[in-house]
Amino acid sequence: MHTIALIGNPNSGKTTLFNALTGTSAYVGNWPGVTVEKKEGMLNSHKILDLPGIYSLSPYSPEEQLSRRYILDEQPDLIIDVIDATNLERSLYLVTQLAELGCPLLLVLNMADLLEKEGITIDTKRLSQMTGSPVVIVSASKGTGINALKETIEQSLEEKYVALCPLFSNFVERYISHIIEDDYLHAIPQGRQMRWAAIKLIEEDELFLSSMPPLPDAFNTYLTKSRAELADHYDDDPEAIIIDQRYKVAEHIAKDCQIRKQKVKSFNFDSIATNRIAAIPLFILIMGAVFYLSIGLVGGYTTPILENLFGYLGGQVLTLSDTLGVHPLLSGILVDGIIAGVGAVLTFVPQLFILFLLLSILEDCGYMARIAFIMDRMMRTLGLSGKSIIPLVIGTGCSVPAIMSSRTIEHQKQRELTVIVTPFIPCGAKMPVFALMLTYFFPGQWYIAPLIYLLGIVAVIVTGLLAQAIDKHKETNAFILELPRYQLPTVKNVWLQTKERTLGFIIKAGTIILLSSVIIYLLSSYSFTLQTVDAERSMLAIMGRIIAPLFIPLGFGFWQASVALLTGIAAKETIVSTLSVTIGTTNLGSFFDPASALSFMTFILLSSPCIAAISAMFKELGSMRKLLYALLWQTGFAYVSALLVRYIVLLLI
Amino acid sequence: MMQMTMDELTVGQRGAIKAIHAPKQLKRRLMDMGFTKGVDIEVVKLAPMGDPIEVSVRGYHLCLRRAEARKIELS
Amino acid sequence: MTTILANVVVAALIIFLVAYAIKTLVKQSKEDSCSSCSTKKGNACKGCQYADHCNKTIH
Ligand SMILES: Nc1nc2c(ncn2[C@@H]2O[C@H](COP(=O)(O)OP(=O)(O)O)[C@@H](O)[C@H]2O)c(=O)[nH]1
Ligand SMILES: [Mg+2]
Chain A
2 MHTIALIGNP NSGKTTLFNA LTGTSAYVGN WPGVTVEKKE GMLNSHKILD LPGIYSLSPY
62 SPEEQLSRRY ILDEQPDLII DVIDATNLER SLYLVTQLAE LGCPLLLVLN MADLLEKEGI
122 TIDTKRLSQM TGSPVVIVSA SKGTGINALK ETIEQSLEEK YVALCPLFSN FVERYISHII
182 EDDYLHAIPQ GRQMRWAAIK LIEEDELFLS SMPPLPDAFN TYLTKSRAEL ADHYDDDPEA
242 IIIDQRYKVA EHIAKDCQIR KQKVKSFNFD SIATNRIAAI PLFILIMGAV FYLSIGLVGG
302 YTTPILENLF GYLGGQVLTL SDTLGVHPLL SGILVDGIIA GVGAVLTFVP QLFILFLLLS
362 ILEDCGYMAR IAFIMDRMMR TLGLSGKSII PLVIGTGCSV PAIMSSRTIE HQKQRELTVI
422 VTPFIPCGAK MPVFALMLTY FFPGQWYIAP LIYLLGIVAV IVTGLLAQAI DKHKETNAFI
482 LELPRYQLPT VKNVWLQTKE RTLGFIIKAG TIILLSSVII YLLSSYSFTL QTVDAERSML
542 AIMGRIIAPL FIPLGFGFWQ ASVALLTGIA AKETIVSTLS VTIGTTNLGS FFDPASALSF
602 MTFILLSSPC IAAISAMFKE LGSMRKLLYA LLWQTGFAYV SALLVRYIVL LLI
Chain B
28 MMQMTMDELT VGQRGAIKAI HAPKQLKRRL MDMGFTKGVD IEVVKLAPMG DPIEVSVRGY
88 HLCLRRAEAR KIELS
Chain C
6 MTTILANVVV AALIIFLVAY AIKTLVKQSK EDSCSSCSTK KGNACKGCQY ADHCNKTIH
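Quick note, the sequences are listed as chains A, B and C, same order.
Okay, so the first sequence: first residue is 2 according to this note's numbering, each after it adds one.
Okay, so the second sequence: first residue is 28 according to this note's numbering, each after it adds one.
Okay, so the third sequence: first residue is 6 according to this note's numbering, each after it adds one.
So that you can see chain A by itself, here it is in the shape it has in the complex:
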């Protein structure tokens, strides 16, 4: 079995190609940094890996390091460099680095469908000659050229073509060949990468040096002298000289193989999307429209229908079982447990489907990177980066992928802060809880739902400002982001992603929610002596009463709310199913009043997220201590806010 690695610039279509080759449905989106982990699949009994995008083999952010580490340490049998054919020059810069690794290389020119529109023609034969690697031209999203690519992959694995290393100027080459001759390099096991190693030594690459035995003194002196001579000759530092030379090679190849006609300027959406005045209002409008369409329009229409449907179903099943003489325990589990609990959650499928659909359209069209661009200035005052806005937007769907996407933020402090604030943005699973409470207590008061999102945003801002205030070592840091081209969202990508996320929600309803509904029903029907009792004396009530006093100041100090919050740790939708099993969705008014309903929602909005999101936070924060601080902050903040909300509402009413 061979291992094949897909490498390339961010957004060049690696994941789309990976999906086309393996027939899977990994996460694709039109912004740099969608893929932050490696992902594997099978192609004709070869293992094929999709890796995070990189611009060069000198990584900056953790997900880029993963790619570098992978190809250097694991040495795949074939590297497929996926190139955005409309962006040849910069892609060739990465080729000049990959060629030196001594691993067979295959160049895939992707986005063939765009070449004509952009007025570009590429001489693939010439490109293949100049790089010493086979070149295949494909369109991953249209599926053209995939079969030819598969054949070329097999051929490359057999023939093991050796890529041509880029040749630098004579002046630089002289130093490289001197260094290669030194015994130090002959001692290292990766003999076939000597040229690469020599260049790394000239560049003084820290990651490389730390993986090598210490340099002998004489050799070190020689290196220092060489670097000084190079720096003197080119009036720049050695690392910059090498990058410069690589780009010269890339320019040379691109010029030889590519003809670019002047592009005809057409109307572009960007002139509005990033317009200095219209940009931010437009962003707010778009997000508002996303929520209005999903929650307001579709949700408002489908929720009552589905609620009635499940209510009717439950009623019918109950009457039927009663006439048949089914034991009340069994019919109770089925009707008050499963149908009530799962039904309460499934009610929200249509509106979440629309929400996920709209979000994936946003992700696929190229707008995400623009949001980062227009919001950077504001985010900076919060100690965040423009890139932090991407997790916040994705987070309205689900916090887990959102938290993971924060990995593209290069700066550690900003990254961690982003991870901590992302769960403040209410995810799709919290929506059912809000919808349930809002339709019961505030029917027709449409303005409260947006206020909840606003409160989430306020929490982000407060946390950011506070972190800024405590932070003693303010460092300035860079924000450099490629802005991908706009495109019509591909039906396949949007559909796959929407389907995956909606299915995930339904599966949760059929698994976690179903189980917890049954357990909650049983626990609320029996006492510790296993006698059927009314809910007030049940095991669940007794357990809930242990923590319930904590919530008395917030106005929901009864055991049903505490139990609901606890089960919410498994998945936020469980709060709805638990409430519907223990209280009943039509009976909320005898437990909550409008003030405590709002404080309950506030607490759910801001307190620590579900277990899946917590474990995603742990992965990104990388330490238990930081995770605990984060959860403590979130929950403490939630508590105080809920308290404030309750008393403000009480004062106002």
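Since the hints were made in silico from the structure, they are not lab data.
It should be emphasised that the depicted structure is a prediction, and the values quoted were computed from it without experimental measurement.
Mixed in with the good hints there might be a few duds.
[Unchecked claim] Below, a list of computed lysine-lysine pairs in the DSSO-like style, where the Cα atoms sit at most 30 Å apart:
no., chain 1, residue 1, chain 2, residue 2
1, B, Lys51, A, Lys226
2, B, Lys98, A, Lys414
3, B, Lys98, B, Lys64
4, A, Lys493, C, Lys32
[As the list claims (entries may be wrong)] Counterexamples of contact, computed for chain A against chain C with all Cβ distances above 12 Å:
no., residue
5, Pro214
6, Arg378
7, Ala479
8, Thr636
Even glycine gets a Cβ: it sits at the ideal position worked out from N, Cα and C.
Fit chains B and C with the ligands to the given chain A structure using the hints.
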């Protein structure tokens, strides 16, 4: 002669890179993205509050903050 | 007679649903913990979405 840096360009203006005066890491990143000596760039757009700026380089678009643009000297 | 049958049917339905839910959860957690990696043909490892240590040892 006065030194000119990239943040001084207005929308639509072009320039050629002369040198990057930035810490090692940042300089490398900028160069990796294609800002090497002699390359032509054009400022395409400014974000709502005038910062960051969108630049076209080597046939693609990228954005960076003014603070970074200030470190890029043009000829 | 119908009463017994009805009870059995309802009990069986509940047990089936619960068992199915547990089975799905177990399968999912296995996928997340990467023990399903590189088994099925043409199937990307779902776990790798969440774990970067995944597959490091399988070669
Ligand atoms: N027009 C066109 N778009 C493509 C093609 N392949 C991928 N894309 C789009 O490019 C964007 C980035 O794709 P993705 O696979 O996530 O790139 P990755 O970051 O390299 O994994 C997505 O919006 C894709 O729909 C192609 O062949 N033609
Ligand atoms: Mg990808």
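Hints and how they fare:
1. Distance hint between lysine 51 of chain B and lysine 226 of chain A is fulfilled; the C-alpha atoms sit about 19 Å from each other, no more than 30 Å.
2. Taking the CA atoms of lysine 98 of chain B and lysine 414 of chain A, the gap is about 23 Å. The hint holds against a cut of 30 Å.
3. Between lysine 98 of chain B and lysine 64 of chain B the alpha-carbon distance is near 13 Å, which keeps this suggested pair within the 30 Å criterion.
4. Between lysine 493 of chain A and lysine 32 of chain C the alpha-carbon distance is near 27 Å, which keeps this suggested pair within the 30 Å criterion.
5. Listed as outside the interface, proline 214 of chain A is consistent with that label: its C-beta sits roughly 24 Å from the nearest C-beta of chain C, beyond the 12 Å cut-off.
6. Its beta-carbon lying about 32 Å from the closest one in chain C, arginine 378 of chain A satisfies the requirement of being farther than 12 Å from that chain.
7. No Cβ of chain C comes within 12 Å of the Cβ of alanine 479 of chain A; the nearest lies about 24 Å off, and the non-interface call holds.
8. Chain C leaves threonine 636 of chain A outside its interface by the beta-carbon criterion, the shortest separation being 24 Å against a cut-off of 12 Å.
Checked against the numbered hints given earlier, the structure satisfies every one of them.
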